[in-house]
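Visitor: So the protein lines, in turn, are chains A and B.
Take the first sequence: its letter number 406 is residue 406 in the working numbering, and every next letter is one higher.
Add 559 to a position in the second sequence, counting from 1, and you land on the number used in the working numbering.
Source of the hints: derived by calculation from the structure; they are not laboratory data.
Every residue, glycine too, gets a C-beta built ideally from N, C-alpha and C.
Do not rely on the hints blindly, as some may be mistaken.
Claimed, not checked - Each pair of labels, with its calculated beta carbon distance range:
| # | chain 1 | residue 1 | chain 2 | residue 2 | range |
| --- | --- | --- | --- | --- | --- |
| 1 | B | Asp1082 | A | Lys211 | 51 to 59 Å |
| 2 | A | Arg50 | B | Gly1098 | 47 to 55 Å |
| 3 | B | Lys1009 | A | Asp338 | 29 to 37 Å |
| 4 | A | Asn370 | B | Lys705 | 50 to 58 Å |
| 5 | A | Phe141 | B | Ser914 | 51 to 59 Å |
| 6 | A | Arg506 | B | Glu1089 | 52 to 60 Å |
Number of protein chains: 2
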Amino acid sequence: MKKYTLGIDYGTLSGRAVLVDVENGEEVCFSVVEYKHGIMDTYLPGSKVRLAPETALQHPGDYLEVLKTAIPEVLKIGGVSKEQIIGIGVDFTSCTVLPVSSDGTPLCFMEEFKDRPHAYVKLWKHHAAQYEADKFNEVTFMRGEKFIDRYGGRMSSEWVVPKAMQILHEDEEIYQVMESFIEAGDWIVMMLIGEEKRSLCQAGYKAVWSKKDGYPSKEFFADLDPKMTNFVEEKLRTDIYATTDCAGHLTKSGAKLTGLAEGTPVAVANIDAHVALPAVRITEPGKMLMIMGTSTCHIMMSEEEHFIPGVGGVVEDGVVPGYYAYEAGQACVGDHFDWFVKNCVPKDYYEEAASKGIDVHQLLEEKVKNQLPGESGLIALDWWNGNRSILTDADLTGVLLGATLQTKPEEIYRALIEATAFGTRIIIEAFEKGGVPINELYAAGGIAQKNEMMMQIYADVTNKEISISSSKQAPALGAALFGAVAAGTARGGYDTIEAASEHMSRLQDKVYKPNSDYVKRYDMLFREYEILHNYFGKGENDVMKRLKAIKNNAMRAKE
Amino acid sequence: MKKYTLGIDYGTLSGRAVLVDVENGEEVCFSVVEYKHGIMDTYLPGSKVRLAPETALQHPGDYLEVLKTAIPEVLKIGGVSKEQIIGIGVDFTSCTVLPVSSDGTPLCFMEEFKDRPHAYVKLWKHHAAQYEADKFNEVTFMRGEKFIDRYGGRMSSEWVVPKAMQILHEDEEIYQVMESFIEAGDWIVMMLIGEEKRSLCQAGYKAVWSKKDGYPSKEFFADLDPKMTNFVEEKLRTDIYATTDCAGHLTKSGAKLTGLAEGTPVAVANIDAHVALPAVRITEPGKMLMIMGTSTCHIMMSEEEHFIPGVGGVVEDGVVPGYYAYEAGQACVGDHFDWFVKNCVPKDYYEEAASKGIDVHQLLEEKVKNQLPGESGLIALDWWNGNRSILTDADLTGVLLGATLQTKPEEIYRALIEATAFGTRIIIEAFEKGGVPINELYAAGGIAQKNEMMMQIYADVTNKEISISSSKQAPALGAALFGAVAAGTARGGYDTIEAASEHMSRLQDKVYKPNSDYVKRYDMLFREYEILHNYFGKGENDVMKRLKAIKNNAMRAKE
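Start from the sequences, fold in the hints, and give me the full structure.
Guide: Following this line, the structure appears as structure tokens:
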């Protein structure tokens, strides 16, 4: 009897289940369920209370719907019995958190709280806790706290503590009533196994926990707000589990919810980016994975812990036990090209693409792919959505330089692609300077699989070989790998994530190799990018911040 | 019997004649003749000899065609007899020069030279004499020549001497055979009156002649090339005439050519930009005219001579006798917006414009005109075609800064317009710092008349009132004014250009007045423009030049 595991992957707008053959990693089939409530950023369901700016909430019922619908669906499509499922892995966007009672009931499910915004899930991209993040940073700085060095020196408004602080400030009753403030990934595992087993990956990256030092001190939390003195004990948990641990086994109610067999092992939850590494055969240092979508997330490992300015996080055992895992990010990649195609491509290009039966991205690529690096005379700074790594500054904005009356749209398009590649190189060089060498690149995500010109540019700009995931759903596959580890060899899985990766992960045959002539040309362009990056990004000319201030002033004047 | 003058205006692609009522300046009618040979930049007519890069030639026969066709045409349309024409004025693009024999026959009309590129007219935008301009600048610098201060410190490859040097270097026989190297405007006057009467305006701006010092010395020319020692005496002329002078009277052959009466007074030739001042009522200092088309030319007067770095020229009596006239320029204005509309406006904007029955420029204006200054967060450097004043650097390129994923095409369009306005303010401030105050602005040209948002932006950015020419052909009208001065009161014209301007020029009723709130907002944005202008334009970061070098290297590698 063939054995399978399930990877349950929760994204920003939908969740999916994928059925994976444990022996060889074949993705037999998958099912996607869109969240009925999507992202709630204006109103709560059935309510006329207007949500505050920068709010981004979700409904936990939508997550349960994925379990109820997608899992039975893949069993049916795959023609597989529930007994053949030997393990389940879950990954989730993060930091996506919700307030729950001690038995895991979301406060928003309770009649008395259903009209209270703070009773709902705060999605990772909920940015309304900036005031709290600023306060956190101030307290950290005043106290000379060292834990923040693991996070590039700054707390993000996206993470657990500012989000909890916002609840306390704006709706204290919710803060007091909640018995756990839990990552949605951990909550899903809790729904399956009936127990709260918090993930090391989520606690490490988003809740300033570390294996060595635990959470910040009570004194620190008291300085944030005296009411938060016992925040860790009261709202978080101190027992933290590795992602390679088996969190527990499917309860009766979990089995009923999913249609799977009671007792099926469930892995500790994982973050959607980090979970993907073993799915592209990365289980050791020196290899950086780029997960390329609307934005790009970079994850890699090292044998040592280094604090690298501007880099988002370093977590011991964060991906594979025994190694320190690092993450960095670029805020605008696919979004960048989509913006360009939507706003800046002339009519006749659309007509030409239509007549050739290709999309506009392909047409632009076709028109410009044979240019040599530097042939357009253009250079751009890829800050259309601010800069995540290594400048961590949301107020930075995009630049295009070198335009002439001969400049063509496809040349601008390529300059934007090159800019994101230069941004990646800045990150790589920061890691290497910081003591984390990177020898090879790996890429996953739709853009990486579709855009050959782009991947070749990345290889030439970084002077590194790039291997591409053969899975189109690397995070879901990764979750299935962790599910196989939760099962262990005793049940037909694997005892280590390395072994699971060896058997269940695959890469495309095609490897992008740097072209030495292009590498030299891009070296020259990268120096120019770096000069502009430092000039505009490191305080020499704060024009972008001043323009934002002028803009905000103009917006207010119009109100 | 009503009296009229004719303004004959030679542009880059066509020439026109306009019939003007001397009493009130009414433009009765006009006729335009396109140049049959246009701009010759690849082949000579009927020849297979490929022209060198940057070459831009014209055929003098095309200019005669304007006289032959357009003049009889306006007499006919206007229902006016040749006796009613009391004077003729001519203006021409400059420096547009041709080699001729002593009787004015263009060398290219001679059978033996008709296949020789250097026998033809070199149009103002012929840029193939850069090597010679560099040499000229080197010699000027080594000799410590002061005359160059009148021209902002640099010789342009567009002007007379480099163009003559190029002929000497590349086709010495043509250089030796030519008995005059003459501005096309002066040549047309010669065709009409049978004598060579060189214009002060053209000699002053383009042939480094000044009323005070004449031409540079023989020693200077000898240092350029020993064969050019007597260049002034042999190829130019030392008797120079004010543009308010009557050059002479129509000869029998001139009368035959034009269908006008023998003896009709003809004014000394003028440059197409400078001639327009009296046509918009400017005959005194403190008023700057912007002639806005594909590029913008700025002309103004002062009672004093000042040397202003980066400003194209100061010529005593250059427009109105008694004053020093100054010129400056921006290389890319209308071209800029056309580039944008052609390359960067998405399909649905074209469809929306079509459905509203307006053009895309109008649609963009409609979408963005109600924004406050700074509301887009964008700023641009208007260097898509290099920078003429005050940086005089063709290697500078365009910049757009401040883009986000929310940036709309109309916001970029407006940022480009604002950038040209900031560029104008840089010029105005350079004049004012240099001792040439500017109190009011005047604008002529299609863009000035059509684009209200743009003119209001210029008023707000410069904090000056802007009056607009009511003529759609201000240079042609200006030429007609000078024709009326050539006639003098004795024949029913005027004795001074001031008097002609008072009676024959008109402005639109609408004056653009600065909005004080917008002025303050633009002041903030202008400071940012200035910082970027100086950073990229004055050697602090020569990234644009390095990108051009990288680009040229790439182009060569592909050959």
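Visitor: Hints first: check each against the structure and report whether it holds.
Guide: Taking the hints in turn, this is what the structure says about them:
| no. | hint | result |
| --- | --- | --- |
| 1 | B:Asp1082 x A:Lys211: 51 to 59 Å | holds (55 Å) |
| 2 | A:Arg50 x B:Gly1098: 47 to 55 Å | holds (53 Å) |
| 3 | B:Lys1009 x A:Asp338: 29 to 37 Å | holds (34 Å) |
| 4 | A:Asn370 x B:Lys705: 50 to 58 Å | holds (51 Å) |
| 5 | A:Phe141 x B:Ser914: 51 to 59 Å | holds (56 Å) |
| 6 | A:Arg506 x B:Glu1089: 52 to 60 Å | holds (56 Å) |
In terms of the numbered hints stated before, the structure departs from none.
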